[in-house]
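Engineer: Residues per chain are reported as follows:
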Amino acid sequence: MTDLVSVLVDGIIYSSYLFIISVGLTLIYGVMKILNMAHGSLYALGAYVTATFVGFWFGHNLNPYVSFLLLPLAAVVVGLVAGPLIERGLLRFMYGKDEIVLVLVTYAILLILEDVIKLAWGVESYSAYQPYGLLGNFEVAGLPYTVYDALLVVVAIGVGVALTWVLTRTRQGKLLLAVIHDREVSAAMGINVQRVYTVTFTVGTMLAALGGALIAPKVSVVPAMGVDVIVLAFAVVVIGGLGSLPGAALGSVIVGLVRSTAVHHMPEVELFSIYFVMALVLIFRPKGLFSAAEARKI
Amino acid sequence: MIARDRTLAMLLIALPVCLAGGWLLPAWVQSLLVLALGKGLVVLGLVLLMRTGLVSFGQGLYFCLGAYAAVSVGKIFKLDNSILMSDALVMPLFGAAVAGVVALVLGFLLARYRAIFFAMLSLAFSMILYGLLIKIPALGSSDGFNISFKTVAGVAIAPAAQLYTLYAVAVVLVFFAALALHQYLRSHLGRLAEAVRDNELRVEYMGSSVRYVVHVNYVIAAVLAGLGGGLVGLSIGHVDPDLAYWTTSGEFVFVAVLGGTGSVAAPIIASLLFEAIKSAAYQYTPYTWQMVLGISLLLVIMFLPAGLWSVFQRRAKRA
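These protein sequence lines are chains A and B, in that order. With my numbering, the residue at position 156 of the first sequence is 143, and numbering never jumps. With my numbering, the residue at position 164 of the second sequence is 1205, and numbering never jumps.
Among these hints, one or two may not hold up.
[Claimed, not checked] Simulated coverage check for chain A against chain B, where a stretch passes if three residues somewhere in it have a Cβ under 8 Å from a Cβ of chain B:
{"no.": "1", "segment": "208 to 221"}
{"no.": "2", "segment": "234 to 245"}
{"no.": "3", "segment": "256 to 266"}
Worth flagging that the hints you see were computed from the coordinates, not collected in a lab. Beta carbons are placed, not taken as given, at the ideal position from N, Cα and C, and that holds for glycine.
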């Protein structure tokens, strides 16, 4: 029983983290039809900026509790700088090309960003551990968990609810859905599709950076972290269905639970299990679990 | 007008030139060339898939299988000192065969997928292999294991001549692979690849099976990747699970886009160019070489969508 609870709790915490990193990927794909390989690098960028901010904050002995605000701040900074820069500076020249060519373009961006990170921060590892233990621990079935991890779950749910609300309840969100549905007709109806794209990519970038910012206090920030995480995010969004918001949530929960079950019972299959599930879903539901049927195009 | 095809003549000239020229080259160049030729084989297969309209982000699967297969089977069945564990010709060929069999099975599945779904599913399979290998202690887990060879086709090779021998094996294997692929591309089935890319429905209406074409090309690509993996493993003298990691596959895609799908020579030349640039850049600017790669990839996509090879073709047409 205790074991089941700890598998569940670990799984939920990991799912929340997965959801935050993959929701931006699915958003960008859903609107722009770009499978953004650079997403992992933007995530890493978020982690590095957070590490710098947190290091500065605690280096100057400022109020430690305010340091939590630094995490979303880092995400916003990365999003507002890198998002428009990549979309306006590069991606907009590529629209209309084949989906797979766009994947290659974002792969090029990934390669460039990896070195930008190395140039800016060097290759040694950074840490931003201070906020992690600040709020203390709580116990579930006799096992200690940090309050920070519980907050991660809250943030993930918050992000999901906020995005759903924006998409279904606001004017901007409805315009976005119209663009997803038919780009050309939306443009003809007077929707500024270019702006929708820029905003979407910026928000997606911010979410990637937020994932990195939130994970930074838990791990050491190292150069390869983005490359590792992008395939995980791929697995999540592919399982749920590319471009689907509830799909990303479901994919995160599945991957999170599969991983925590594997870690608790058969640690040797941890990585294998995630991609095995991804392959299984692709075999039976090629377009993911949350996907509408699509007419064959000639 | 169909341009006169000089590929065959070029290959026949290149073989003796490369074999003889290899003697004159310093050791490190020879070893770099083996590496580049081995990876060139993988890219050759990838280019075949690209002609069919598919990009695989998982060729690392077969590359790694090819490198691991022979010695792994030898280790598992305790075949110490057999040719499976010490022959520079048998090992890559065995690796290629294993890769081919695995691709034959997975192909039934993958041949149904297109575009990013094909890319993602192939990526998932390569990551499955990676996930498996890092956790198998008998195969060295994440450290991998060393491999070496003592004979070529049963003939014992003196340690001093090993590097050149491996180089010669690589040149000969690439020669035959390029020759076979060139002939294949001119055959009925081979020509269907581009038809599939252009319009699948028409291919079906004309009475050919798209899935069959994709499946065959997928298996050929895997065999080439396995062969290349075997060669690269021998040239480095060490294999580890990173061979199956997705960044390895990404590198192959990069080289394939760089060279383009114009000719069987393009991927090989692109691979040689890539390894040369990579080793130079890695030595002089270790922190910016990926950036150089990324920028050149963007430039190629924007200005030379048919790859570097198209520059030669355009010049040939003008002349």
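Engineer: Determine for every hint whether it applies to the structure shown.
Structural biologist: Hints, verified against the model:
1. Given as covered by chain B, the segment 208 to 221 of chain A passes the check, having 3 residues with a CB less than 8 Å from a CB of that chain where 3 are the minimum.
2. Coverage of the segment 234 to 245 of chain A by chain B is violated [criterion: at least 3 residues with CB-CB distance below 8 Å; count 0].
3. For the segment 256 to 266 of chain A, the proposed coverage by chain B is satisfied: 10 residues have a C-beta within less than 8 Å of a C-beta in that chain, meeting the threshold of three.
This entry does not satisfy hint 2, going by the numbered hints stated previously; all others are met.
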